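The primary structure of each chain is shown beneath.
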Amino acid sequence: MLVSFRWLQELCPVDADVAEVARRLSLAGLEVEAIEEKGANLAGVVIAEIRAKSPHPKRDKLTLVTVFDGEDELQVICGAPNVPEPGGRVLFARAGAVLPNGMEIGLRKIAGVESNGMICSEAELEIGTDAAGIFVVDPGTDALPGTSVADALDLHDVILDIGLTPNRPDCLGHVGIARELGVLFGQGFKPRKAAGPRRSFAAAGAFQAGEPTSKLAPLWDNESEAVDTPKLPAISLEIADGDRCPRYGAALVSGVRIAPSPFWLRYRLHNLGLRALSNVVDATNLILLEWGHPIHAFDLARLAGPKVVVRRAAEGEKMATLDEVERRFTEDDLLICDANGPVAVAGVMGGRDTEIRDETSDVLIECAYFNPRSIRRTSRRLGLHTDSSHRFERGVDPGAVPRVLASASSLIAELGAGAAATTAIDRIAKPIEQTSIRFRPARAAQLLGTPVSKEESFDILESLGCRVAPEGDEALIAEVPSWRPDLRREVDLIEEVARVRGYEEIPTAVPRVHPSEAGTSGLLKFVDRLREAAMASGLYEAVNYGFVSIDDLRKARVSTDAVPLANPLSEERSVMRTSLLPGLTAAATRAQRRGATEVRLFELARTFRPTNETLPRESSVLAITLAGEHAGWIGGEQSFDLYDGKGVIQAILSRAFGRAPKLTIGEVPSFLHPKRSAIVTLASRPIGFVGEIHPDVGDDLELVGRVIYAELDVELLYALSEELGPMQARGLPKYPAVTRDIAMLVRDEFSAGEIADALRDAAKGLAESVRLFDLYRGDQMPDGHRSLAFRVTYRDPEGTLTDKRVDKVHASLAKLAGDRFEATIR
Amino acid sequence: MAEPDAVQTFETGLAEIRGAYAEALRAARSEPELRLINGRYVGPQGELTKLLKLMPKLPAEQRRQLGQAANALKQEIQSTFEEALQTIFRGAREAELTGPPLDVTLPGRWQMPGRLHPITRIRNEVLEIFVSLGFDIADGPEVELYENCFDKLGFPPDHPATDEQDTFFIGAAGSVDSESVLLRTQTSTIQIREMMKRKPPLAIVSPGAVYRRDDDATHSPMFFQLEGFLVDEDVTFAELKGVLTLFLRRLFDEHVALRFRASYFPFVEPGGEVDMSCVFCRAWEGDRERTALCRVCKGTGWMEILGCGMIHPVVFENVGYDPEKYTGFAFGMGLDRIAMLKYAIPNIKLLYENDVRFLSQF
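Residue numbers (my numbering), protein chains in the order written: chain A, 1 to 826; chain B, 1 to 362.
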């Protein structure tokens, strides 16, 4: 919210500069996010008097103007249609001045005539929005030529931008922030009375007999001249839904003339981010900014009845709002209606047909308190977030209705030269309960960790507007003011005390932490170990968004049975991922497009699958992708293949787990190459897969070359690690080992792994390891055959092996190879 | 059977070998050459070996003496050989030690480790600090119930407080109630889950991905938060300040100052935000000119770093704790923001592009 420092100083003068005020407000919870000085950037722009004007000799639309800038008479050229007659005053930027938009005014020739400066519009000086013509100084303004425009028009102000939290509706107006300043600077605050209209009339007869009213005259500062009550039909009010509209007030101003607002008002609205329109509408906006309480002005002549009915909409009921949009309502929406139908969406926006027009003469000013939830739902449903709904949905001050009406009717009467009724309709349909809270200083001290005295608490709560009374020795009872709906229980008051004193007054202490016996879950620690292991194994960690497009899933041939978002930002991110494949391979594709020769990525994140329960199933997955070439040492690059994938998985698992996995042939997901991929098993349990991406899928994903992809199921792995328990160490062997090699020519269909396993089994516990150390294919071999050479390490844990024994066992291995695998021993 | 010629041959042979071997061995310039020469004397076809094969033909009375002489010669050859070998080794070593150096600028040869994502790195750094203070780590689902994300945390129904967290909902668009399913907008959901599961005392930190419908230059629709809370009897705001001060000083710099401002989050009361002295212009060093020019803190010397407060009694009531008996504090921070501050990452989008040129810097 934008706040005028000058206005604050008018409402609650404090002896501090802007920076200090901003600091105090920020520390107390009203965070000042930006400070902008106004009127300071107009050096060289002065008041000038028109001395003569004549048409430009060559150009129709230009005027040659002679101005007096307090020092010299200068000739300038002006393109505006509204150059005043001699004697009129304008805003003149001297040569050398720099306008707020950065434009430097220089001596220029326009169509052959010299121009020594520029006569400015308010838009050019950024002191308003009117760009249709130059700014003509009001004759009533007392300013000699040569006076700086900032002084002459009184432009000096500083605007604070406060990022207001939604719990502080009381600070959505200047009065509320002034009140806060009064509290923070310890000097209290009393709202000023409204100035009061020059002319007023007794409202008797203007409102239907018996209507509850509030007297406004006592809230006005000045005596006003009493005029005759205008002849108007009596206005009636009906509140059909008191829960949603607990209080409704309406004031009356008669005989106004609609005209532009004076400059000071337009300038103030402009600085605070609102556009000036006409005096009555501008007045309602100024009241909104002053009190934080939205009001609405109806053209009484167009209010059928005249009658105001506050009721829920009928399903499907329609009305055009003043932004010219036809709105359709539901039974959950609250409307303001006249005798014929809706005239405003309560608390959100007025209707087109009853808004103030140029011909408006009598104005009915609405000031109400609506139920915040109701306003919010309507505002959300209509997609209409307005200055009004913003305040009502946070909760305006129901107690402020008479004061706001007094200010509003007085201001509107003043600006429109009308007369204000001395009383206003003020119906309380449902009393708004005042909250009383028991406050224990000892509890505050216990929560804050610093002493809190009863006396200090009393003073602070009272300064905030609470009515405070002691309750016994230990407590206070505070009745919360109507403008603080956020204060509901004791702890809210504890915050108020802490905040007003300042959080910096609270000391720092180190708590006694009682660590739990269970500690952090093993799964989380295991996940961490896997990440470290993947990194240590040469992979770079990727982090992708949890959502993808359904098309991504389809292209990747992973499950499209996905959890959908109801309100995605785009189709690209509209379902939760069922696999990490699309995200990770997309990263690989992007890297390849940028010319990366070697892509080694992993991601450890969740995938999401729909279930029959309310929440989907989230599974942690470790996914790996390798693309491009595995760099060797200076040359020797090699395209990544299955064995790189296998190697990295082995590295990760042996690091995180202490065990190396096995690869077995089995059914792999269809996005993998059917002949170049495998199931990864650990302790005979499948825990994932690894392989080349199916070339067709690779094409769809726009991958280049053979790309390796692997996934490990993290939860399965963790369960397995728990089941297997920690590594159990063995002592070192006591007896020496004997190694023997066995080489054989064997058909391709027999895998090296199964042969090695069979050899190990055949050694009946004497083979400590069977390691493939050579693989060879040659011309001299029959087709579909290869030569495999294994090194068998024999060791007997019970004693030293004799050559004879080893020879015998080794021979049995050779025999087995021949029998089972039809191998020729070489 | 003895042969008189054999003695002659044997003695001559020995004499010839004795006269030549030393020079021959010492002339060798390399180990293979030396071994070749050595083999000519003592190898399987070597001259001395051949002589020794004559032994059976020697007369028995001379066999012993000649045998000893031959063996002595063999040992001399052996020791000369070893001496020569040592000389060659020494020479080679000397040559290596005094010769031209290796080109040490050639690349190292090893499988280099990869890198952890900066979010993981910062998470680990942050967790390490809290774990050392006795906090446990906990986790929760990313797809959550509205109830856990808002209602139980004390967000009033139809309240603008939820506007700050524009939410992704799951399933078909429709009205929102406590059973609605959404992507969690904050890791505070874990507070609710852990408190419902366990009993005080609790000291927990919970990092995780969160989602909000914001996607612009400074917002990412998915980002990472870390929530922490401590619940026990007599936990105070002073202790909240103590823990956060310790944490930020350990994470950034032991000199950083903290500024606690009042603020509002529905699940804490009193609630606050913490500003930390700007770590880019090192505001605590008091160089005003440098701070005035700092674009990160915009000359203020402060940067907003996290939100915190005392856990709201309504939260305790919602999870079945007695708010008169227990108090607690909670705090939350954006890990993305902390990583960006700590590692000087210029743009949040870099965190989610997975560009190796970026990742390889960590």
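Check before you lean on any hint, since a few could be wrong.
[Claimed, not checked] When the alpha-carbon atoms are kept at most 30 Å apart in a straight line, the in silico DSSO-like pairs for lysine-lysine are as follows:
1. B/LYS74 <-> A/LYS525
2. B/LYS325 <-> B/LYS298
3. B/LYS298 <-> B/LYS349
4. B/LYS349 <-> A/LYS555
5. A/LYS454 <-> B/LYS342
6. A/LYS764 <-> A/LYS646
7. B/LYS298 <-> A/LYS525
8. A/LYS525 <-> A/LYS662
9. A/LYS525 <-> B/LYS342
10. B/LYS199 <-> B/LYS325
[Unchecked claim] Okay, the calculated beta carbon distance ranges per label pair:
11. A/VAL704 <-> B/GLU33: 15 to 25 Å
12. B/LYS342 <-> A/LEU569: 20 to 30 Å
13. A/LEU569 <-> B/SER132: 32 to 42 Å
14. A/PRO733 <-> B/LYS342: 29 to 39 Å
15. B/LEU106 <-> A/GLY725: 38 to 48 Å
16. B/LEU106 <-> A/PRO733: 36 to 46 Å
17. A/ILE825 <-> B/GLY99: 46 to 56 Å
18. B/LEU106 <-> A/ALA729: 36 to 46 Å
19. B/GLU83 <-> A/PRO733: 35 to 45 Å
20. B/LEU106 <-> A/ALA752: 47 to 57 Å
Derived by calculation from the structure, the hints in this document are not laboratory data.
Quick caveat: nothing in here was measured; it's all calculated off a predicted structure.
We put the CB at the ideal spot given by N, CA and C, even for glycine.
Hint check:
For the given pair, B/LYS74 sits about 68 Å from A/LYS525 by alpha-carbon distance, which is inconsistent with the 30 Å threshold. Our distance criterion of 30 Å between C-alpha atoms is broken by B/LYS325 and B/LYS298, whose separation comes to about 44 Å. Of the supplied pair hints, the one linking B/LYS298 and B/LYS349 holds, its CA atoms being roughly 22 Å apart against a limit of 30 Å. For the suggested pair B/LYS349 and A/LYS555, the alpha carbons sit about 25 Å apart, so the restraint of at most 30 Å is met.
Note on A/LYS454 and B/LYS342: the hinted pairing is violated, with a Cα-Cα distance of about 44 Å set against a maximum of 30 Å. Using a Cα cut-off of 30 Å, the hinted pair A/LYS764 and A/LYS646 holds, with the two alpha carbons roughly 29 Å apart. Between B/LYS298 and A/LYS525 the CA atoms are separated by roughly 40 Å; this puts the pair beyond 30 Å, and the hint is violated. Taking the CA atoms of A/LYS525 and A/LYS662, the gap is about 24 Å. The hint holds against a cut of 30 Å.
A C-alpha spacing of about 24 Å is found between A/LYS525 and B/LYS342, which places the hinted pair at or below 30 Å, so the restraint holds. With a C-alpha separation of about 12 Å, the suggested pairing of B/LYS199 with B/LYS325 holds against the 30 Å cut-off. Range check, A/VAL704 to B/GLU33: about 54 Å between beta-carbon atoms, so the 15 to 25 Å window is missed. At about 28 Å, the beta-carbon gap between B/LYS342 and A/LEU569 stays in the expected band of 20 to 30 Å.
A C-beta distance of roughly 39 Å is found between A/LEU569 and B/SER132, which places it inside the suggested range of 32 to 42 Å. A hinted range of 29 to 39 Å for the beta carbons of A/PRO733 and B/LYS342 is inconsistent with their spacing of about 50 Å. Checked against the hint of 38 to 48 Å, the C-beta distance between B/LEU106 and A/GLY725 comes to roughly 46 Å, which is consistent with it. Distance hint for B/LEU106 and A/PRO733: a CB-CB separation of about 40 Å, consistent with the stated range 36 to 46 Å.
In this structure the supplied range 46 to 56 Å holds for A/ILE825 paired with B/GLY99, their Cβ-Cβ distance being about 49 Å. The supplied range of 36 to 46 Å is met by B/LEU106 and A/ALA729, whose beta-carbon atoms lie about 40 Å from each other. In this structure, B/GLU83 and A/PRO733 meet the distance hint of 35 to 45 Å, their C-beta atoms being roughly 40 Å apart. Between B/LEU106 and A/ALA752 the beta carbons are some 35 Å apart, a value that contradicts the proposed interval 47 to 57 Å.
Of the numbered hints given earlier, the model fails hints 1, 2, 5, 7, 11, 14 and 20; all others are met.
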